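Visitor: Sequence:
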Amino acid sequence: MKNLKKLMALMLVAVSGMTFFIACTDDDDPAPEKSSEKKVLVFRFDQINPVITATIDHNQKTISAILPAGTNQSALTPYIEVSEKASVSPASGSSVDFTGPVNFTVTAEDGSTAVYVANITQDAAGPEVLENMMSANRTLSNRNLPIDYVVNDMLYLEGNALLTVEPGVTIAFTGVNAGIVVGENAGLKMVGTEQKPIILTGPVNNNNKGAWAGILFNSARADNLMDYVRLVNAGTVSSEAAIYMNGNSVLRMTHSSITGSASNGIVMYDGTLPVFTNNSISGCEEYPIWSGIVKGLSAIGSSNAMTNNNKPVIFVSFSDEVEENMTISNPGVPIRFNDDLYVYKELSLQAGVVLEFEYGRLLLVKEAGILNATGNAQNPVIFRGAVDEPGYWGGISIETNRNNRLEHCLVTGGGYDTYSMQTNLAIWYDGKLSLSNVKLMKSAGYGFLYSGNISLTHSAVSFDQCSKGNVYDYDNDVVYPNLP
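Following numbering that gives the first Met the number 0, the numbering of the sequence shown begins with 0 at its first residue and continues without gaps.
In case anyone wonders, no lab produced these hints; they're calculated from the structure.
Taking lysine-lysine and the BS3-like style, the derived pairs with C-alpha atoms no more than 25 Å apart in a straight line are:
| # | residue 1 | residue 2 |
| --- | --- | --- |
| 1 | Lys344 | Lys294 |
| 2 | Lys84 | Lys38 |
| 3 | Lys438 | Lys467 |
| 4 | Lys60 | Lys84 |
| 5 | Lys195 | Lys208 |
| 6 | Lys365 | Lys431 |
| 7 | Lys294 | Lys310 |
| 8 | Lys344 | Lys365 |
| 9 | Lys38 | Lys60 |
| 10 | Lys33 | Lys84 |
| 11 | Lys188 | Lys294 |
| 12 | Lys438 | Lys365 |
Computed from a predicted model, the values in this text were never measured in an experiment.
Build out the structure end to end from the sequences listed, making use of the hints.
Guide: Right under this line is the structure:
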């Protein structure tokens, strides 16, 4: 009996021990550890142009930034990024009065906090205000400020003055009447770098299109240069363009951009761009380029980008005469002619070029003129109307016995009754023409018309949707299905 009692006591002790061990084991399971990270990673003011990014000192828990002079600090909305799983108060995007120091409390996932003190000030010296007239040479150096110089009105460069702008400079123009006018004998030389572009922008708190007037060139000086220059929101409705080239003005422009014009990107009334490479024009309410003369297009090559413009073509308004040999490479958008295009010298069109013509207009090759349009299977040269419909434009008329050639080309939408042609393509008198891989289509009249003692060679020429027939012998009033 005593042995039985002893055995039961031992079993009770063992069970109690197991219960204690299990309880201890359950209590010792660690809970998932919560993050204690509580740093401000990014603090910037996106509403200021250019954007201001603050300096953050994690040891001292400070945030500091210098804003352009004149900035209203009473209601700014900073963009803030903090550590993962942390939060910040005041929150990112909240309206904050920065006229004095502001505490930003970052709360980690584990509930611990860190307080950063933001001291947002304005540039004490402030940008230099440029006077309205400059008649002596001047160099604008980089003052390493958010805005280095301010122009409140129109800045006139007069006499033989050359204004040179160095890399990294930012110039703010304070309104729609502010801009630069380069006089007939003056010059404007702006050469930045990829790392330090020159920025010309509108008012600090106005990011609207057409916030300032832009630049007007009246000068043909060789040192009118723009390299790595950004024109932001230049070009009002009244100024007509971000860059306006008057008279015989000249500008060499490379690695530069025009964005946000309320009118055109560039207007070349009579001016030219002898060098125009690796540039971009975007976000214009009108045309990326408006030109009064066709010769202004010769240097606009395929290295440029013209995107997201309301009228996505290069527009040639009135002086449409090729009076010296010129080559047009593909600018990435169609070239539209408002008037007839007369070719008196050699006009070479490279692969991918698209020429458009307004209602009733046509292309005429006359006297010593030569039309040499050479596309390829992937990028044909295209001739068409500004509206894609039969008979919208007058087509091509060739009247010379020079080596005219169309290779890998599409001619469409002609047939408007101009000079009794009513065709997509016509050759007259003793004209000479070579056709290879050409398609003539959507004519309100004929695909091809010929008259006189012509010289014609052809291969792989096709016709489609030519209302009056494919080929018309004008002299004998006969329609044929194929070329002679």
